[in-house]
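**Q** So the chains spell out like this:
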Amino acid sequence: MAVCIAVIAKENYPLYIRSVPTQNELKFHYTVHTSLDVVEEKISAVGKSLGDQRELYLGLLYPTEDYKVYGYVTNSKVKFVIVVDSSNTSLRDNEIRSMFRKLHNTFTDVMCNPFHNPGDTIQSKAFDGIVSGMMVQSG
Amino acid sequence: MMAGSQWELPPELCCRPMAFVALTGLDVVYNAVHRAIWDAFCANRRADRVPISFKVLPGDHEYPKCRTKRTSYEWYIPKGILKTGWMNKHLNLVPALVVLFYELDWDDPQWKEKQSECATKVEIVRTSLQGRNTKVAVVLIQKKTPLPPGEDLVASERAAALCNACDLSGKSLFVLPHTDHLVGYIIRLENAFYEHAQTYYYTEIRRVKSHKEFLNKTTHQLLFVRHQFKIAFFSELKQDTQNALKYYRTAYSLVHELRAHETNMLEIKTMAGFINYKICRLCFQHNTPLDAIAQFRKHIDLCKKKIGSAELAFEHSAWMSKQFQSFGELFDEAIKLGLTAIQTQNPGFYYQQAACYSQERKQLAQQLCQAGASPPSPDPLDTQSGGLDFYGQRPWRQGHQSIDPPDAEKEKTGILALQIKERDVPHSELIIALLSNAVAQFKKYKCPRMKSHLMVLMGEEYYHAKDYTKALKLLDYVMCDYRTERWWGLLTAILTTALRCAYLMASVKDYIIYCMELLGRASTLTEEQKGRIEKNIIKVLMNEVPDSEPECDPASVSAARLLWNDRMALAGSNEFTIEVQDYIPFIQCKAKFLSPSFHVDQPIQLQVFLQADCPHPVSLNKLAVSLSNQEYNQWCVLESSGQDSVSLLPRKTKCFNFSFVAKTEDVGKKIEMTGIEVMLGGDTGRCVFLSWRGAGGDAASTHEALQTSRSSRRWGRGVETRPVLDWHSVIMQHSTMIISRVPKILVQLSHQPPALINEMYCIGLTVKSQEEGVAKDLKLTAGLKPGQDANLGQTTHVTLNGSKVCDDTAPALLPDVPLGDLKPGEKLESCIYVKCVSTAPRVFLFHVAYSIDTTVDGRQIVCKCHKDETVTIETVVPFEVSVKFVSTKFEPLDRVAVDIPFLFMIDIVSSSPWPLLLASSSLQLLTMTSNTPQLQSQLQEVVLQTGECASECFCLRCPPLTNSNTTVATGQYLISWRRKPSSADSPLIQSTVTLPHVILESVPLYIHADLPSYGRVRESLPVRYHIENRTALVQEVEMAVEPSDAFMFSGLKQVRLRILPGSEQQMLYNYYPLMAGYQTLPQLNISLPRCPTTDTHTLRRFLPQRIFVKPQGRQLDDASIAAA
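Going down the list, the protein sequences come from chains A and B.
1 is the number of the first residue of the first sequence in full-length UniProt numbering; add one for each residue after it.
1 is the number of the first residue of the second sequence in full-length UniProt numbering; add one for each residue after it.
Just chain A, same shape as in the assembly:
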């Protein structure tokens, strides 16, 4: 399960970041922020070759000593980033994909809310709930 889940706006500012409370929250912010380098690079590389036919799931962005960072980009260039503990070897690529898909669905629900202004940070309880379900349960 994830230790940090983030939603990043098209303009690369955070719309939502949630990490396990036991660890240094700031560190996850930095991890997510630096992973955008790879996301940007991947988006621009895909844009050149394939045009519209784009796989939303970007796969493993980069491994650090302690974490694995996965990325996903919606068609409107909103990015999802999931950080997983490196020691968690049981997690398969398929599971990560399905986590992203679930996240995307919930995100779509948030966007469908007529009271939500796209570009504002996400403050939805339903979204929170789904994200919590995907996070490592500590304690």
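No wet-lab data here; the hints were simulated from the structure.
Worth double-checking, as some hints may not be accurate.
A few chain B positions that, by computed beta-carbon distances, are all more than 12 Å from chain A [claimed, not checked]: (1) TRP106; (2) ARG207; (3) LYS306; (4) ASP382; (5) THR526; (6) GLN752; (7) VAL1055; (8) ALA1076; (9) PRO1082.
Away from chain B, derived, C-beta distances all over 12 Å, residues of chain A [stated by the list, open to error]: (10) PRO21; (11) GLU55; (12) THR74; (13) GLU95; (14) PHE107.
Covered by chain A, per the in silico footprint, the following chain B stretches (three or more residues, Cβ under 8 Å) [stated by the list, open to error]: (15) 341 to 354; (16) 447 to 461; (17) 703 to 710.
Here the structure is a predicted model, which means the values were calculated and not measured.
Don't be surprised by glycine CBs; every beta carbon is placed ideally from N, CA and C.
Please arrange chain B on chain A, whose structure you already have, making use of the hints.
**A** Relative to the frame of chain A, chain B by itself:
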């Protein structure tokens, strides 16, 4: 040993091993020949030369002693894995080959003596190498060029003798002629040496391998590793890197099979690190970087958890850091040699991880190494030799291999000594160096955010190292990246560190800037924290020392306090101006002109909105707006002092209104806000001016405005419907136009379009004042509106005088025609005449300007007003004139015969929509003359409606030509006309039509007939033909009259006659018509035998063809007819 260098990899491990060959018998200092030989060996060793490291040694050099060979390993217990001196010994001390240089020619007179001297020298070398497999070779330096092999019998004989004497094989004796081709010989020599060296290392490998059978797995585990390492190293020396890699890999797996416990953990890790380094290095060298990376990952995974002694945990971090660093360096080196790295796999990640472990090392060191402990004496880290015997062992128990330390007390002091040593390590320096390496890499591989992150880490490390200036420099540099990307959490964290630095340096301005942003809306600090910061900022404004930042080192805090006291005591520099535009300050500012334009007779209004984001009210003492015209600045200042200072409540928008009267000179100009300044603090303490460029806004406001516009667009919520002023809905308007006062006059135009070409087209202008005061200095500018087609300017003429037709000097635009003053309600009329010489639509401008006195906000100003009226007028051609030449028989002529009358017809078709009055017309002839006594216009006072046609006809004759021109100009036709409905005094327009040229021809014979206009049946009809000879010759003419059914006739039926030049003959016929109606006259056949070009047909055209014959009248009427 240096503190930091304990973890450095030994240079003999990192270098590329090359076969070691010792050269003896060379005197490179005093002997020039020897020097040249030595230079040829060592200079210019490019990659294409064999990898050998040469060394010049004296002939009697003592090589390291070879220990006596062990015959059995049965009772042998190894003391460690690898001796520290071993690699160096084989790289630099024990040669694979010793070469003895000796000057000896084959024909040397003292051959015998020299031979034995040489043999002695060889013997000395051999003795020194006792027990080693090192080869010995002899090189004879000869002055003469050798003969081809086999030819010099003496040479081969003596060579054999020398080999025998020195106990050398023939392959080990070389000859080096000291001639021109020295380098060539040297290269051949060193290739031969290389072969010898390879054989040597091969035997060494065999020798080490042969030990294996004597070893057992229980006591000799260390030897397994050692032997594999040695075989691999010898393979490298032999340049057999594939096998070297294989043996290193075996060694690596063996090293992890060793029984690890706390006492030998360091040794195992050290050796594992060495072997791993070698493997990675060879993988990169073999261009298999993925193998290198995989090996390194495996290495890290295996060793990560092997921390060893908990009291020396920092050692493990230091070792880990070094592993990453050296792998990063290997990677980087491979890239320099042509490997391509990618964004997600580049040396930067390894440097970064190395830095990470160094940070961990620092933390562990801080935890484990208590300050104040005194170093034990004697120092347990000292060894007799000054170094260690084996890699990775403890100095106080070298060679000890059992699980428990031999002496617990010694172990304790040893650990303590290591901890004390660790205390002095400049950790921050190491971390910063690694981070900056990583930054350089990430910059190269397009990771701007990673780079920023590492720079933050560097800044923080500088902060820990108390180098606040450098820390601030780095943090300042990256702050703006986080601000533009709107990562507020990270920005707040960086600002917090920066604020600490600024506090500890007592840098007042920086301190205020960071406080401001931490209080601002982008900061993620809690209200409580913000409250504390706000209290501090107020203190600084009062010129007091702020409270210390939390989490600062107490010693630094007290130093900082002293600094602050000094700062506060210092007079002057109490004013700061802070450009806040690029930050997100705690006071937000937006300003707007209430309208994008103001009339000069209206006061200009602008509003400044301020909002404070800090938790407590903040008071400001001055608010000033600077405008592009600084004269207005005085009206846009709000100053207050002491008690009545303006207070901004948290998150409440406050609006300040300013208004001023624009100057009349500024009409048509733009007024911009160039800046807004808010002063915090006061005269008693410190003044801080927050300054915004333009109309306010800061680093975050653009995005906020965008978000607001999105939401309001969706909900249709306007500002009007909200009871409370919403900050986000305030839209900045940074400039306004000053435009002239609205004119209160009416300008009306009356005219009858379209205009006709050349006519004096009259446009009536009525100006009516609706002003309350007197409109002074009315001025009219009328005419063609500038900016149209340039040709129009030349074909349009405007004048005020309509009584006569204006000429070409009249301008296209009449500027500034004074019209006098106009009292309220008065009306003024005027006419403007326009003459257009070409057809085209034209835009005419009527610009009425005047000035008027008015009052704005109690100020008397003179306003200039103007009203523009434009009208588009089409110009059309009034009539078309067409002309034609016809004969007297009304037959169209394409050429005109000389001196023979013809008719000239003119048609005028009106195309004007208005009736035209043709006053008169006249024909001005050039060569032609009129056939009638005077030419009188037939069109006087004719009025033509649209589409109507007027025609004129003149009978003309062309006199005989004086020159030979066959075409002549006819002349001009002049028409005077004007528009019919216009008043009688409007001038007549003279239009001139240039008439076409006509082609002339001369005829030799002219014939014409006199006959009555009609005949009557059965009544005589006399016809007289006149035949003129127009040539200078006598013409013979044959004439015949053809019979006709309609006539009888009398006269000469056929005649032949002569006509003298210029004279005329007459022929009289009496025709007697037989039938009524139009009758063809009897045909006259004429031929000129002398002039064959002229025949009957050409002459016949001058003659009438038909005549009308009336029927026979009744008798009764005869009288009346006769009377008629």
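**Q** The structure should be examined with respect to each hint, and the outcome stated for every one.
**A** Checked hints:
no.: 1; hint: TRP106; result: holds (70 Å)
no.: 2; hint: ARG207; result: holds (43 Å)
no.: 3; hint: LYS306; result: holds (16 Å)
no.: 4; hint: ASP382; result: holds (37 Å)
no.: 5; hint: THR526; result: holds (14 Å)
no.: 6; hint: GLN752; result: holds (62 Å)
no.: 7; hint: VAL1055; result: holds (105 Å)
no.: 8; hint: ALA1076; result: holds (98 Å)
no.: 9; hint: PRO1082; result: holds (98 Å)
no.: 10; hint: PRO21; result: holds (15 Å)
no.: 11; hint: GLU55; result: holds (17 Å)
no.: 12; hint: THR74; result: holds (18 Å)
no.: 13; hint: GLU95; result: holds (22 Å)
no.: 14; hint: PHE107; result: holds (18 Å)
no.: 15; hint: 341 to 354; result: holds (count 4)
no.: 16; hint: 447 to 461; result: holds (count 6)
no.: 17; hint: 703 to 710; result: holds (count 4)
Going down the numbered hints, you'll see the structure goes against none, and every one checks out.
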